[in-house]
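Here the protein sequences come in this chain order: A and B. Residue numbers for the first sequence follow the working numbering, beginning at 1 and rising by one. Residue numbers for the second sequence follow the working numbering, beginning at 1 and rising by one.
If you're looking for bench data, these hints aren't it; they were derived computationally from the structure. No experiment lies behind these values; they were computed from the predicted model shown. Glycine included, each C-beta is placed from N, C-alpha and C at the ideal position. Be careful, since some hints might not be right.
Covered, in the sense of this in silico footprint (three residues per stretch, anywhere, with C-beta under 8 Å from a C-beta of chain A), are these stretches of chain B [what the hints assert, rightly or not]:
(1) 1-11
(2) 14-27
(3) 54-63
(4) 101-108
(5) 119-128
(6) 155-167
(7) 176-189
Just a sample of chain A residues kept apart from chain B, beta carbon distances all over 12 Å, derived [stated by the list, open to error]:
(8) 18
(9) 215
(10) 233
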Amino acid sequence: MTHRRIQKEESHTFDRTVIDYIQRAAATGLYEIRGLGSKRKVPHFDDLVFLAGSITRYPLEGYREKCTTKTLLGTRYAKKPIELDIPITIAGMSFGSLSANVKEALGRAATECGTSTTTGDGGMTPEERRSSKTLVYQCLPSRYGFNPDDLRKANAIEVVVGQGAKPGGGGMLLGQKVNKRVAGMRTLPEGVDQRSACRHPDWTGPDDLTIKIKELREITDWEVPIYAKVGATRTFHDVKLCVHAGADVVVVDGMQGGTAATQTVFIEHIGIPTLAAVRLAVDALEDMNMKGKVQLIVSGGIRTGADAAKALAMGADAVSVGQGILFALGCNNETYLQQGEHHSAIADYDSLGTAPGYCHHCHTGLCPVGITTQDEMLEQRLTPEVGAKHVKNYLKTMNMELTTIARACGKSDVHHLEREDLVALTVEAAAMARIPLAGTHWIPGHSG
Amino acid sequence: MERIDLAKTSLRELNQFLHHEIRNKKIKHVEVVNPDGAHSIAAGVDAPVKIEVRGHTGYYCAGMNKQAEIIVHGNAGPGVAENMMSGLVHVKGFASVSAGASGHGGTLVIDGDASLRCGISMKGIDIVVGGDVGNFSAFMAQAGTLVVCGDAGDHLGDSLYEAVIYVRGKVKSFGADAREEPMTKADEKKLGELLERAGLKYKPKEFKRIASAKSLYNWNADANQEY
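Produce the entire structure from the sequences given, and follow the hints as far as they go.
Next up, the structure:
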């Protein structure tokens, strides 16, 4: 039998992903819209490691000695700052993109873990308010469902200027997810594609933002903290402007942050990695002598307790998790749990043209595991009880990992983690985070 | 009637008074003098009270108003009556940009002209402008009514949803998906009521109706991004 050799030299410029993109564009004449976040490899917290205690530093005993995780947010102006038991919060994800069951589950889990959850575009649902001890209410450009009654029920207000997955772009909720309840909350007809504007309707620049924040404070009698959230781009200046505008807390969302529906070209090509953004944000606060006075929350690809520890060591006061929460709920799982039994979701993934591990079809509303859907049948695949349990376990695990690392570094408070505890594994990460490359004193562009 | 002098009282004290004390003391009429362009005057009021502001206001006067009747005897800065839920806001002079932005309900009357983006993102509010409106008015307007007794600038009603616009004068240009439609009896009735509420004598027949063609309600690749 003769062996026929098949040449397999794949192009780096036109690899299979690129070929697939071009052929899809050629077939449809449409750019791709999808959910979740960036899939490309970018420098991230994985490229940093901790230098734990040995002789030069004194570690704490891993299980016995106390390590505090209490986190205060909004201490600058608010009469009632937020006090959290852990520095890991749940990011804003809308009712509309997520089912009402999921929103309730997030509230329950956050409450049980002593942390906050956040509303999202589309307003505040009663289930979410009831189940969340600490709820952050977003003020978004669309102002869907935004009203003074819910504003006064909030424990904090987050003025969303941008999102890491799509800085400079508005949001969208495709018509297939716009059922009667979602449409009613957003004052639009059922089934219409809902476009969320990229700019706020009543302010345009940093000086306007100052006045807007003051208006929100006046309406809420200066009681609750006001956050400003930006997608990571010109982070150094954006953070400075947020501080100048009077924000109590600045939220910086890196390019790995997720979305329910955005153009792939946005997700992959706009914004900077979280690792670069956190350093720029901390630089801005330190430059203004506002570190510790204005708190920093970092989000965008935070997955583990190690990520949280690294973000805190870099100078963040807390982290916020979005996609990680979805995966904890069962996103991309092969099965879903209903009435105590696991059922295969493979056929539903298949009908979307995808498979577990690859699915990013949040925009379709046909989530095989019942998370990003408004479909009456699909949303029953995740109950608030099951969802809350999994998210609680995930957050608890992350917090245990965080404290374990902090203790190893000799810290009795996770907020005592510092940049000196870190080294970088790659030149890129060393340059972005301005952390020395492991085994050297070299910070590219800054020393040596 | 209570009289509050903003030259002697801080804005925070004024708003706290309007949020809490008018309810406790059952006050029905408040006069605010010396506003001097201060921002957020009477923002977040939620009570059936009449508030008269004697002078010009800065940004966000009557922001998020519920129930109150707020009269500005002067000009209003950006975002007057932004996100209003109910009640009446009446500006006796001119209004700056984003008047009535994202308003969910109630009525905003502006006797003079309104600048750019009047009624942007409106969600059920009724706005009556005695004069002209600037460019991009009723941009992405979802529900409610914008009445323009003068002329409208460029891109009127761009990306309109269910809101309806009535214009008595000229329209410089329509925004994407906005179009002129025939006036119906129902339009005339509704418009007549709004004009009467605003104290204006124009006849509904003098107006044209502008509404969404609804061709952009769902993603359309052939629209070449003309959204």
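Each hint, compared with the structure:
1. 1-11: violated (count 1)
2. 14-27: With 3 residues closer than 8 Å to chain A, the region 14-27 of chain B meets the three-residue bar; holds.
3. 54-63: Contact hint for the region 54-63 of chain B vs chain A: holds, 4 residues under 8 Å.
4. 101-108: holds (count 3)
5. 119-128: holds (count 4)
6. 155-167: With 3 residues closer than 8 Å to chain A, the region 155-167 of chain B meets the three-residue bar; holds.
7. 176-189: Contact hint for the region 176-189 of chain B vs chain A: violated, 0 residues under 8 Å.
8. 18: holds (21 Å)
9. 215: violated (4 Å)
10. 233: Given that every Cβ of chain B is farther than 12 Å from that of residue 233 of chain A, nearest at about 22 Å, it holds.
Comparing the model with each numbered hint stated earlier shows that hints 1, 7 and 9 do not hold.
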